[in-house]
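Using the sequences provided together with the hints, build the complete structure.
In case you want the letters, here they are:
There are 2 protein chains.
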Amino acid sequence: MLGAMGEFDLIARYFTRPTARAALGVGDDCALLQPTPGTQLAISSDMLVEGRHFLPDVDPAALGHKALAVNLSDLAACGATPLAFTLALALPSAEEAWLAPFSRGLLALADAHGCELIGGDTTQGPLTICITVFGEVPVIDGKSQALLRSGARAGDDVYVSGTLGDARLALDTLRGTQVLPPAVFEQARQRLEQPTPRVALGQALRGIASAAIDVSDGFLGDLRHILDASNVGATINTTIATGLMACCTRPDWSNGVISFEQQLSCVLAGGDDYELVFTAAVAARQAVQSASREARTPVTRVGRIERAAGLRLIDSQGKAWPNHYPSFDHFC
Amino acid sequence: MLGAMGEFDLIARYFTRPTARAALGVGDDCALLQPTPGTQLAISSDMLVEGRHFLPDVDPAALGHKALAVNLSDLAACGATPLAFTLALALPSAEEAWLAPFSRGLLALADAHGCELIGGDTTQGPLTICITVFGEVPVIDGKSQALLRSGARAGDDVYVSGTLGDARLALDTLRGTQVLPPAVFEQARQRLEQPTPRVALGQALRGIASAAIDVSDGFLGDLRHILDASNVGATINTTIATGLMACCTRPDWSNGVISFEQQLSCVLAGGDDYELVFTAAVAARQAVQSASREARTPVTRVGRIERAAGLRLIDSQGKAWPNHYPSFDHFC
Numbered sequence: 001m002l003g004a005m006g007e008f009d010l011i012a013r014y015f016t017r018p019t020a021r022a023a024l025g026v027g028d029d030c031a032l033l034q035p036t037p038g039t040q041l042a043i044s045s046d047m048l049v050e051g052r053h054f055l056p057d058v059d060p061a062a063l064g065h066k067a068l069a070v071n072l073s074d075l076a077a078c079g080a081t082p083l084a085f086t087l088a089l090a091l092p093s094a095e096e097a098w099l100a101p102f103s104r105g106l107l108a109l110a111d112a113h114g115c116e117l118i119g120g121d122t123t124q125g126p127l128t129i130c131i132t133v134f135g136e137v138p139v140i141d142g143k144s145q146a147l148l149r150s151g152a153r154a155g156d157d158v159y160v161s162g163t164l165g166d167a168r169l170a171l172d173t174l175r176g177t178q179v180l181p182p183a184v185f186e187q188a189r190q191r192l193e194q195p196t197p198r199v200a201l202g203q204a205l206r207g208i209a210s211a212a213i214d215v216s217d218g219f220l221g222d223l224r225h226i227l228d229a230s231n232v233g234a235t236i237n238t239t240i241a242t243g244l245m246a247c248c249t250r251p252d253w254s255n256g257v258i259s260f261e262q263q264l265s266c267v268l269a270g271g272d273d274y275e276l277v278f279t280a281a282v283a284a285r286q287a288v289q290s291a292s293r294e295a296r297t298p299v300t301r302v303g304r305i306e307r308a309a310g311l312r313l314i315d316s317q318g319k320a321w322p323n324h325y326p327s328f329d330h331f332c
Numbered sequence: 333m334l335g336a337m338g339e340f341d342l343i344a345r346y347f348t349r350p351t352a353r354a355a356l357g358v359g360d361d362c363a364l365l366q367p368t369p370g371t372q373l374a375i376s377s378d379m380l381v382e383g384r385h386f387l388p389d390v391d392p393a394a395l396g397h398k399a400l401a402v403n404l405s406d407l408a409a410c411g412a413t414p415l416a417f418t419l420a421l422a423l424p425s426a427e428e429a430w431l432a433p434f435s436r437g438l439l440a441l442a443d444a445h446g447c448e449l450i451g452g453d454t455t456q457g458p459l460t461i462c463i464t465v466f467g468e469v470p471v472i473d474g475k476s477q478a479l480l481r482s483g484a485r486a487g488d489d490v491y492v493s494g495t496l497g498d499a500r501l502a503l504d505t506l507r508g509t510q511v512l513p514p515a516v517f518e519q520a521r522q523r524l525e526q527p528t529p530r531v532a533l534g535q536a537l538r539g540i541a542s543a544a545i546d547v548s549d550g551f552l553g554d555l556r557h558i559l560d561a562s563n564v565g566a567t568i569n570t571t572i573a574t575g576l577m578a579c580c581t582r583p584d585w586s587n588g589v590i591s592f593e594q595q596l597s598c599v600l601a602g603g604d605d606y607e608l609v610f611t612a613a614v615a616a617r618q619a620v621q622s623a624s625r626e627a628r629t630p631v632t633r634v635g636r637i638e639r640a641a642g643l644r645l646i647d648s649q650g651k652a653w654p655n656h657y658p659s660f661d662h663f664c
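Which chain is which? The protein sequence lines are A and B, in order. Numbering-wise (this note's numbering), the first sequence opens with residue 1 and increments by one. Numbering-wise (this note's numbering), the second sequence opens with residue 333 and increments by one.
Read the hints as simulated data drawn from the structure, not as lab findings. Hints are not guaranteed to be accurate.
[To be verified] Computed footprint of chain B on chain A, listed as stretches where at least three residues anywhere in the stretch have a Cβ under 8 Å from a Cβ of chain B: (1) 56 to 66; (2) 88 to 95; (3) 289 to 299.
[To be verified] The calculated label-pair distances, taken between Cβ atoms and stated as ranges, are: (4) B:369 with A:97: 45 to 51 Å; (5) A:9 with B:432: 37 to 43 Å; (6) A:101 with B:509: 51 to 57 Å; (7) A:101 with B:370: 38 to 44 Å; (8) A:183 with B:390: 38 to 44 Å; (9) A:101 with B:618: 53 to 59 Å; (10) A:101 with B:639: 40 to 46 Å; (11) B:477 with A:175: 24 to 30 Å; (12) B:508 with A:190: 48 to 54 Å; (13) A:140 with B:477: 25 to 31 Å; (14) A:249 with B:348: 39 to 45 Å.
For glycine and all other residues, C-beta sits at the position ideal for the given N, C-alpha and C.
Written out as C-alpha cells, the structure is:
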C-alpha cells in the first residue's frame, strides 16, 4: 500500500489496461489465466534492486524495459511463448515523473511480445521491482517441448546468440574504470540498459536445441549450469572474443583501444547480456541456421560439448587457455 | 545474486525440494506447471517490505508463514485451490539463523495447503519478500467458478469469516499505544503474525457466494472494493464489534479494558485480518452455513447489500452510526 488511495490511483493510472488473453486482469484478488489446452505453463520470477541490478540514475523507461526483458529472457531460454506477467513494485514515493516513463518502457516491450500485465502489488519501500512472467510451451505426444538445461550431450555444438560483452563495457564505463567515445558508449549502454530478449529464437529452437540457458551472470558461468545439469563438459574457443563484441566491430572504432584479454573477459564473463547459450547435435546444424534466420537472430558456434567434466578454453591454435574468469557480480 | 555461489547454495539448501505437482521445479530458467484440463489459473502477487509490512525483529518463522499466508488468502478470496508459488527474496546478507526458520515457516504452510515452491530469485538488498501464487478454479459449462468482487446484488447478505480486529490490537501493542496482559497479547500477536488463510472456505463458497474479497486493509475498506466493483451499496450493523474480536471474548479478560468504540475501530478498520468478506443471496443462507461447516470456519452475517451506493453503519437500534473509519495503513 502506498497510502490507500495512492496505491489504487497509481494502479489505475499507469498499469490497468483492458485484458486481451487473460480471462481477468488487474483489479480483483487474483488474475485469471486460461492456458491453451495441450500446453504447459512456463513460469519465471526475477527481482531487481536499486544499486544492485541498476544504478539510481538509470532512465526509468529503460528500467521498465529491462525489468521485463530479463524475465522474457528466461521464457526465451525455455522456448516458451510469452502470455502475461505480474508486477510487484516497491517505491520510495509515487512520482509521476518516474512512473509515467517506467510504465511506458515496460508496456512497450510487453506489447511487442503480446505479454499482458495481469496483476501485482505496489507498496512503499526501497525501489525494488519483482516481475513474474508466464509463457506457454506445447506438449506433443505427452512430451514437453520446453528447452531445459539438462539435455546437452557429448558431441553437441555450443552456440551463442547475438553479441556478448558490450553490456559489461558500458557498466565499466559507468563505474569509471573504462573510457569510451560517446557513440561507442551509447551503443554499449543500449545493450546494458535495454537488452533484447531472444524470445523468437527460443521458440524457433524448440525440438532443435538439446539444452539452453540465457546469459545473465556471464557466458561461462551460465554455460556451466548447462554442463552441471547435463553432467558433461565443454571446450570453448577463445577466438570468439574478437567477433562477438559489437562495439569492437565498429568500423569507426579501433579494436586496439581495448586489449584482446579485456575483450575476452567481457565476452566470457561480462554478464547482463541476455543472449541464449544453447547446444544442438552436429546433425542439427542446418536446422539451427534455419531457426536463426526464422527468428532474425544471428547465432555463432563457439565450442563443443564433451564427455569429460569441466570447462576448457583453447586458443586459435587449439592450445589450452587459462580459465580464470569469475561470474558476473552485478552491482555488488 | 548474493555472490555467485552464495545464491545457488542458498537455494539448494533451503528452498529446493522434489516437485510433486509441477512438471519442473526450482533450478532451470523456468518452472513448468501443467494445469488440470478444464480449469483456469488464478494468480496473485504480494510484496512484503521490512518496516512497512513487518517489524525488523519479527520471528523469521512467523514471517515465512505470513508471506505465503497473505498470498494464499488472495487465492481463498477467489475460491481457488492452491497449486504452487514462486519466491523472490532480497536479503541484506545470507544468515543461516534467519533463513532456516524463515524457510521452515514458509514451507510448513505450503505443505499444509499442498502448494509447492517451484522457483524464484534471491538477491542482496533491503529485506523484501515477493511471492506469486498459483491456484486452480474449475470452469463448468464454459463458466469460471472463480469468486469475483463484482457479483454482489442488492438484497444479498454480507458475511465475514472468523474474527476481526485482533491483529490490529497486537500491532497497537507492539507500537506502544496499547497495553495487554501477556496471554491476551500472545493470542492477538498470533493473529497478526501468523494469519490463517481461509482457503477451504473460499473453495466451499464456489457457486454459493456472489462476491468475495479478503480483508487485508480493513473490513470496511475491503468491502468497499466489492461495492465499487458490483455497483451497489451496503449497511453494516455495528453490533458485530462485540462478538468478532477473539481477544474480547476471552472469559479471563474483561471487555471493559478496551472501549466499544476502540473495538469497533479495530473490527471495522483494523486490517491484516486475512478473513473473507463475502456476499450471498438470502436464499443461500443454508448453503453458506453448510460451506462454513464443511470448511470448519465460522462465518457471521453482518449486513446487507443495497441498491443505494455508499457504505452505511447502523447501531443495535437501527440508527445511523458515523462512518469515520480509515483504511488500514500497515506500518507507514
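Evaluated hints:
| no. | hint | in the structure |
| --- | --- | --- |
| 1 | 56 to 66 | violated (count 0) |
| 2 | 88 to 95 | holds (count 3) |
| 3 | 289 to 299 | violated (count 0) |
| 4 | B:369 with A:97: 45 to 51 Å | 47 Å, holds |
| 5 | A:9 with B:432: 37 to 43 Å | 40 Å, holds |
| 6 | A:101 with B:509: 51 to 57 Å | 41 Å, violated |
| 7 | A:101 with B:370: 38 to 44 Å | 42 Å, holds |
| 8 | A:183 with B:390: 38 to 44 Å | 51 Å, violated |
| 9 | A:101 with B:618: 53 to 59 Å | 55 Å, holds |
| 10 | A:101 with B:639: 40 to 46 Å | 43 Å, holds |
| 11 | B:477 with A:175: 24 to 30 Å | 54 Å, violated |
| 12 | B:508 with A:190: 48 to 54 Å | 52 Å, holds |
| 13 | A:140 with B:477: 25 to 31 Å | 30 Å, holds |
| 14 | A:249 with B:348: 39 to 45 Å | 41 Å, holds |
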